[in-house]
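Below, each chain spelled out in residue letters.
There are 2 protein chains.
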Amino acid sequence: MASLGSWREILQSALQSHKHLKHTQHLQLATVRADGRPANRTLVFRGFVDGTDKVQFTTDFRSQKVEEMKHCPFGEICYYFSESWEQFRINGILELISSTESDPLKKALREKAWFDSSPRLRASFGSPYPGHPKTSEIQLPKLDSSQGPLDNFCVLTLDPKEVDYYDAKKGRRIIFKLLAKQSDDDANSVWSQQEVNP
Amino acid sequence: MASLGSWREILQSALQSHKHLKHTQHLQLATVRADGRPANRTLVFRGFVDGTDKVQFTTDFRSQKVEEMKHCPFGEICYYFSESWEQFRINGILELISSTESDPLKKALREKAWFDSSPRLRASFGSPYPGHPKTSEIQLPKLDSSQGPLDNFCVLTLDPKEVDYYDAKKGRRIIFKLLAKQSDDDANSVWSQQEVNP
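Chains G and W supply the protein sequences, listed in that same order. Going by this note's numbering, the residue at position 84 of the first sequence is 84; the numbering climbs one at a time, nothing skipped. If you count the second sequence from 1, you need to add 1000 to reach this note's numbering.
Each hint should be verified, as a subset may be incorrect.
Claimed, not checked - Derived list of chain G stretches under chain W, where covered just means 3 residues or more per stretch with a C-beta under 8 angstroms from a C-beta of chain W:
#1 28 to 41
#2 84 to 95
#3 110 to 122
#4 132 to 139
The set of hints was computed from the structure by calculation and includes no laboratory data. The C-beta atom is built at its ideal place from N, Cα and C for all residues, glycine as well.
All chains, please: the whole structure from these sequences, using the hints.
Structure (structure tokens):
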């Protein structure tokens, strides 16, 4: 068969062909709870961490997934494209970059993600504790646009190890596996690629 | 606060308001693999099993999720509605109804689900083994419209225990928990309902 290129190239092309749709940035992330049961929720795709294959999200430090990651650091993204019927299942390792981060590059990444966020999203990190009973109308803080990240603001990344790509229109399914990675610089990572039965 | 009604009523209303969109039947199901890592994939919502709250799907007996269910029978659905920004996270117990099913009601359910399926979907259950390396062009069997279910055809159900509903436009989140159930007849099941912080 003719190669389709890397999974990053195929994903880029799916994103491009769906960019007219508002909901294209939404995907689902599965994790495992402390009791061993699965969890699943919609997240907004915030692109890739520069120079790497890491998928980037934002999250609240108080959310359940932060607790879940301590027990099981693995996550699986399901990214489905509604018009082309393409699905990417991206399995990998989750990492949290929180207010206590000491690595200068990661600190800078968190800072940048904060200033890339909308005022509405930023204010949400000053909300009452997520998941606790609602006791009153929610008042979000009014933040100055120059104010840095609130403590609850975190960047969440998923470092892909395997990608299961399925094109339901063409009946084509390809499994990509990470074979080797020389460093955090994914320019040098090596992936295998195998077409399988859908 | 004014009650919004049961989660079934809210879901019904979301389905109704999105029925003009083809992709509205697509949701994501998270499970846990034998190695304890999460899995996630898109499935087509096939409604509820008559007279119950069980969410219904079809699946191939040879798919990975059938293997995963043996290790962990729990699943979590993430059902996101792209226009209203409503999300339903439905956590519950998975059950497979396969060709070896002996319960007469479940056998009849599987039969009905088969004849409700499109010819294209039916033929897919005669495909080469899913996930195995592709060795040749895929020839699907030509089935007579009166032919009963192929052996690989299964019905998969998820029996909800908890529903986490979030309306991102209104900033409203409600947790529904199954308190008691008298029988498989869900007409008598009792749910609690608690509004929580988003």
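Hints and how they fare:
Under a criterion of three residues with beta carbons nearer than 8 angstroms to beta carbons of chain W, the stated coverage of the stretch 28 to 41 of chain G is upheld, 11 such residues being counted. Taking a C-beta to C-beta cut-off of 8 angstroms, the stretch 84 to 95 of chain G contributes 3 residues in contact with chain W, enough for the three needed, and the coverage statement holds. Note: the stretch 110 to 122 of chain G has 0 residues with beta-carbon separation from chain W under 8 angstroms; the three-residue rule is not met and the coverage is violated. Coverage of a stretch by a chain is defined here by at least three residues with a beta carbon nearer than 8 angstroms to that chain's beta carbons; for the stretch 132 to 139 of chain G and chain W the count is 4, and the condition holds.
Against the hints set out earlier in the document, a violation occurs for number 3 only.
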